[in-house]
Amino acid sequence: MSTHEDRPPSGARPSLFLERQSYRRRRLTDAARLLPFLGAALLAVPLLWPDDPNRQQAVPLSSAMFYIFACWVGLIVASLVFGFAARRMSAQDESKPGSDQWPR
Amino acid sequence: MATLNVLILVCLGYVVLLFGVAFAADRLAAAGKGAWLRSSLIYTLSLSIYCTAWTFYGAVGNAARSGLEFVTIYLGPTLVMISWWWGLRKLVRVGRSHRVTSIADLISSRYGKSNTLAICVTILAVLGGTPYIALQLQSITLSFSIFADADPSGLYREGSSVFWVAAGLAVFAILFGTRNLDANERHHGVVTAIALESVVKLFALLAVGAFVVWGVAGGVGPMMDRIDASEIGHWNVDTGRWTTFIFLSAAAFVCLPRMFQVMVVENTDEGHLRTAAWAFPLYLLLISLFVVPIAVVGLDIMPEGSNPDLFVLTVPLSQGNDWLAMLSFIGGFSSATSMVIVTAMALSTMVSNHVVMPIWLSTQGGSGSVSGDVRHIVLLARRISIAVIMALGFFYYRLSGGGAALASIGLIAFAGIAQILPALVGGLFWRGATRTGALAGLTVGFLLWIYTLLLPGMGGVLMPESVLHSGPFGLSWLRPQALFGIEGMDPMVHTVMWSLSLNTIAFCVASLLSFPSPLERLQAAQFVNVFDHSVAPRGWTGSVAQSEDLMIMTQRILGAGPAHEFFQAEAEKQGGRASLPEPTPAFLERLERELSGSVGAATAHAMIGQIVGGSSVSVEDLLAVADESAQLLEYSGQLEAKSAELTRTARQLREANTKLTQISEQKDSFLSQVSHELRTPMTSIRAFSEIMRDTDELSPEEQTRYAAIIHDEALRLTRLLDDLLDLSVLESGRVSLNVGDDTLRSVLDRAVSSTLAGTSKTLTVRRTKAAERIPLQTDLDRLGQVFINLISNALKYCDADEPELTISAHDVGGHVVIDFVDNGSGIPPGSRSVVFEKFARVGGDKAGGAGLGLAICREIMQRLGGEIMYLPGQGGAAFRVRLPLAYQQAAQ
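Order-wise, the sequence lines are chains A and B. With full-length UniProt numbering applied, the first sequence has no gaps in its numbers, which climb one by one up to 104 at the end. With full-length UniProt numbering applied, the second sequence has no gaps in its numbers, which climb one by one up to 892 at the end.
Please note that the accuracy of each hint is not assured.
Claimed, not checked - Cβ pair distances, simulated, as ranges:
#1 B/Asp228 / A/Gly74: 18 to 28 Å
#2 A/Val73 / B/Ala560: 55 to 65 Å
#3 B/Phe429 / A/Gln21: 24 to 34 Å
#4 B/His564 / A/Leu34: 52 to 62 Å
#5 A/Gly74 / B/Asp238: 19 to 29 Å
#6 B/Thr116 / A/Gly74: 41 to 51 Å
#7 B/Arg556 / A/Gly74: 50 to 60 Å
#8 A/Val59 / B/Glu304: 24 to 34 Å
#9 B/Phe429 / A/Val59: 32 to 42 Å
#10 B/Leu175 / A/Val73: 34 to 44 Å
#11 A/Gly74 / B/Ala569: 48 to 58 Å
#12 A/Val73 / B/Ala391: 37 to 47 Å
#13 B/Leu41 / A/Val59: 34 to 44 Å
It is worth saying that the hints were derived from the structure and are not from the lab. Glycine residues also receive a C-beta, built at the ideal position from the N, C-alpha and C atoms.
Whenever a hint applies, use it, and build me the whole structure from the sequences.
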């Protein structure tokens, strides 16, 4: 097994540019990898909200709930979309010998 | 209102239901059916073991106390799940390819199979799990007390009920988790039961939430207004706690033994992670969806001072909805029991595998032969450790007083278990992480956690107030909740910050400074580059393709015939119409046993694992395989030696046989020759004696001539018989030697004169008498006999016109060598090898000897410790006599 992700498991020298299909798949993987960072950033937003003990400018709890649960749902949907896309693509790849089912 | 008895009956009924589910699932799995048992849905639901009574009761309590802070505990795992591509995928792959049985096993395996490390992680996990167990005990006890308060019979006492709850849960966990032993530590039954419990607790919480929103508050809009109007109606979360808890819950999600158990050990297919990556966050979202509404409504309608941890139960009760309350109670009971079962299972596995078994095996004298008793010992160890773990939880509950908020107890456990994180993450991603580093980090983090969080949390019994307020021995910078003089921090944030940062620093520094052992370095490479060393597993759903692969492999090992028979028998056993059996666990086990008979257990396991389990071959496997190969090599070496020995013996036997045949032939020819030699003189004796008897007119001359012939022949017979007798005496070795001292010269003198005396033939004997002054100590008569024989042979057979015999003697290092060379035509090459044989005569019968002379010479020389041989290439017939200067008995 090769350690480099663009290299086929064995045989010929890898081509520098990938087919559209593989390229999409790879970018999808990138998106999946970036998702947790997006999530962390979104969940860090409440740290910026005013923490006013007098409750004059404080964010109402319902809005806070709405924001957090909306982020949550967004992350779940993104993860779901990615999961299905990855499954579909890996299913396509299985018919093609030499392609790596699990990009590194 | 349900009475306590009804409640207990419901609990027991629920437990029986769980048992039934687990039993049925195990049966299905054993029969190789029920692929849905290994589906990603079951996997995801089993992950929700994360949501315990802390979630079910404590989240609402937490929300009622500090607003949205509760949600951090579910946001952390969400982040971990959606970043599965980074971390969990690797963790699961490592766990599967190295057949890891617990988190302690993983850590010890990564750091060169260090059992010290495994024990450390086990202790940490047990102590970290203690507050968590106490939390479950407390929640169940509290929920009982709610019903008991309303129960008119009033037999309920809190103190004893905690004990009974703990004991009941212990029995429950023992019955559930230690029914059987599985090599992979996989428990389909338990996982299925847990999946059911996840559904129950989610359904219960959603039902209460829906009741609160639509039944009490009157819809989503009014509910939102009510939330904003409540006392927790504004965003008021400490930023430090928000960040810390998200991080802490993420860390604990990975490190908790029970999470590791369901996530890694019970994982049957890596692909499940892809589903769980969105499905589990969804579960978490659903379970926290109604937490704030329940908390707000609870704060509204419940009397001042009621425990917010129990709002999930008390709100439906106060609204008179007994059935909902019962459902809620079952949900809480369910979340507590599932947590206790899996935690107890995971911890007891760790304790038995890493603490009890090494000790037990070492007390057994380290004998490698492990009998069937071990299973019994393992089960017993696990049962006892479950009991001990439950007892620890019980004592923690008693010591902490049982009054703390559920969430705060849970966080203490989280902070403890998170101390594994640096060693775990470092082990998976950094090849330079060493055992020493892991030990240092764990120790530092663990001690800091105990000192700053666990002991202060357990009240004044174990840590005096004075230490808490002014530090040990008055050292104020060592105050447990204000280390290094930094005050004002939240205790949880304080502990997590200090323990994890110092833990990480110790881990990194010690790793950088130490040098790992070879095994450790090997394992490090295997773990960190796990994707290069293992293939993506094909999952365990049996396909015929796998059976074909197995068949091909089996044929190579067992041979085509036996392999076909075996597979046929298995296919019939499974009752299938197909010619190949389904790769069920039972079939694989039998196949492995069959193969291990031929190639060794470890090799067989590795081979089947390669085809079916998708687990890559670990270092242990390789070592075991190498062991087996070494044994095989040694065995074949022994066989080779034996076969060489046999070959040698066979050759010796063949040689002996040839010799015997030769001797037998010699004997036959000897007998025929003897009879022939005896017959010739006898014939003439008989003939002449008959003439003398039957003929009357014989002249006296004739009579004298015939009598002389008879006499001569009789003499010849006598001589022959004498020679034969002499030879047989010599050959049988019964000859007695008269050893005497003289010089070679005088022996030769006597021999020459006695041979040449009274003969008509002429023979010139050339000698170098000066060289013959060699003193001898031997049987002089016998030696003389040899010399006489050789000289008379020269006299008889030398065919030169003027026969000459040259006798030369040399002293060669302890031996004397005497050569007799005549100037005749010598012995033809073809006869040279037989001249020393009996009755061997060269050149016909003309000399009239019996052919025994040289045979006798050879025997004599052998007796005297010397030898006689023919010397080719000397011009004529040449014999060399060689004998030691001094006769030695040993020379015989």
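Legend entry - Index of numbered hints that the structure contradicts, given in increasing order: Violated: none.
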